[in-house]
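**Student:** Going line by line, the protein sequences match chains A and B. Mind the numbering: the first sequence is residues 4 to 232 in my numbering, read in order. Mind the numbering: the second sequence is residues 4 to 232 in my numbering, read in order.
There may be inaccurate statements among the hints.
Any copy will do: because identical chains look the same in the list, a pair fits if it lies in one copy or spans two.
To be verified - No more than 30 Å apart at the CA atoms, straight line, and that leaves these computed lysine-lysine pairs for DSSO-like:
#1 LYS85 with LYS152
#2 LYS171 with LYS33
#3 LYS56 with LYS171
#4 LYS134 with LYS56
#5 LYS152 with LYS33
#6 LYS151 with LYS134
#7 LYS56 with LYS33
#8 LYS47 with LYS171
#9 LYS85 with LYS134
#10 LYS47 with LYS134
These aren't lab readings, by the way, just hints derived from the structure by calculation.
There are 2 protein chains.
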Amino acid sequence: MTITVYDLCGANDLRFSPNCWRTRLALAHKGLEAAFEPWHFTEKERIAFSGGKTVPVLVDGEHTVRDSWEIATYLEDAYPEKPSLFGGDAGRAVTGFINAWCDSHLHPGVIRCVLPEIYDRLDEIDRPYFKESRERRFGVPLDDFRAKKADHVAALGQTLTPLRTILKAEDWIAGDAPAYADYLVFAAFQWARLVSPEDLLQADDPIHAWRERMLDLFDGLARGFDAAT
Amino acid sequence: MTITVYDLCGANDLRFSPNCWRTRLALAHKGLEAAFEPWHFTEKERIAFSGGKTVPVLVDGEHTVRDSWEIATYLEDAYPEKPSLFGGDAGRAVTGFINAWCDSHLHPGVIRCVLPEIYDRLDEIDRPYFKESRERRFGVPLDDFRAKKADHVAALGQTLTPLRTILKAEDWIAGDAPAYADYLVFAAFQWARLVSPEDLLQADDPIHAWRERMLDLFDGLARGFDAAT
Chain A
4 MTITVYDLCG ANDLRFSPNC WRTRLALAHK GLEAAFEPWH FTEKERIAFS
54 GGKTVPVLVD GEHTVRDSWE IATYLEDAYP EKPSLFGGDA GRAVTGFINA
104 WCDSHLHPGV IRCVLPEIYD RLDEIDRPYF KESRERRFGV PLDDFRAKKA
154 DHVAALGQTL TPLRTILKAE DWIAGDAPAY ADYLVFAAFQ WARLVSPEDL
204 LQADDPIHAW RERMLDLFDG LARGFDAAT
Chain B
4 MTITVYDLCG ANDLRFSPNC WRTRLALAHK GLEAAFEPWH FTEKERIAFS
54 GGKTVPVLVD GEHTVRDSWE IATYLEDAYP EKPSLFGGDA GRAVTGFINA
104 WCDSHLHPGV IRCVLPEIYD RLDEIDRPYF KESRERRFGV PLDDFRAKKA
154 DHVAALGQTL TPLRTILKAE DWIAGDAPAY ADYLVFAAFQ WARLVSPEDL
204 LQADDPIHAW RERMLDLFDG LARGFDAAT
C-alpha cells in the first residue's frame, strides 16, 4: 500500500515546507515510495482526521501520523529492516536535540530572512491567512523583514556556528553517511532555496559544500525541485 | 598506570572549569581512575608539552591528549570495552554538534551570567590574566556583566530552549541513559553552580530536574563539589 503524505504547496505547486522536506528525505532514506498530496495552509478540514492543523501528515495503511519528528520515529520503528535514520537509540535521542534546535533557532533564523518571499510564492487563497498569522506571531509587518534582511542574514550566520564547526571536520552531520540529522537541517536550507533567489550561504562556507552534497543525494532529489530565480 | 588530568583550579582548589568537568564525567562513565592535577591559568609552561595552552590535558601512559572533545573520542576508542560515551558512530557525530553548540552558544551564554563571579573565585595570581583576557574578548569591563546579569540570564533562557524541549520528554539528552551529550551540557551548569550562588534555572524548569539527576550520578560525584554560597 502506498504511503500518502499531505505536503504544503504554494503557487505553481511549489513544495517548499521545511517540515515536509524532512519527511520527504526520511522516506527516501528508507527507500519507501510515497504519494505527496498538495495541501494549502487554509485547508485545515482536509487534515482534521490527523488531529492537527499542520502538515506533514503521513498515512501508511491504518496508521496516521502527524508532526515531522513523530513521522521520523514512526518510520524508524515501522521499517527497522530499512536503513536507520538515527543509528541507534543514543543517535535518535541526540538527533532529537538537533530537531529541537531547528525548531527553536534555525527555522526562526531562516524565516526572518525569507518571510516576504514565502508570501510572494503562496497561492492567492493562502496569502491573507499567512500574512495575518505571521504578522501576529512576529509582531511586525511582513515588509519589515524585507527592509532588515541583511541584519537577519547576519544573525542567521551566528546561529549556524555549531553547524559550520562540525562541517569543517565531517562530510555529514551524522558522520560517515547522511542520516536524519542531515535531513532536518538541510530541509531549512531547501525551504530558503525554493522561495528566495538570494543565497543565505557564502560559497566558501563549509555549510555551502555540505548543502551541495545534500542536493546530490537520492539521484538529485532535492536539486530536482528548481531553486527560486 | 593512572591517568592524569591537568585540571583548572581557582582559589581554595575550586575545580570549576566546564571543559575539565566534561573530561571528569567522561572518565567516570568509562569507570577509569584518574589523578586530577590542579593547574592555574597562568601556568602555561607546565602544559607546554601538550602543544596547547589550555586544559584539560590528559596523560594516559604514552598518550597525551588535549581538548575535551579529543579526550572524549580518545577515551571512546582506547577503551572500547568500557561503556560507550556516544552509542555508536552516528551518536558520536551528532554529539559533536552538541559539543559545538556548547562552545558557540551555551558557554558564551553562561559565562555572561557569571563572569565577575568566576573572577572573584580565582587565585590572586590568575586574576590579572583573567580580567585582561576576558575584557579583551568581550570588549567590556567585567563589572558590566554584573550590572546586566538579569539580561544575560534571560538571554540564556532563550538559548536553552532546545534543551528544555527534549528534557520535557526524556530523562537524559542521550535517551534512556546518560552519556557524553549529557556530560557536555551539564558541565556548563556545574561551572555556574560552583562559582555563583544564584541559580540560573527556575525550580520548575525540566532542565533543573535533569541537573538534579546529573548531580546524583556516580554516587553524587558532581554534588560532592560544594556549590557556591
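**Student:** If any of the earlier hints don't hold here, list their numbers in rising order.
**Tutor:** Structure breaks hints 1, 5, 9.
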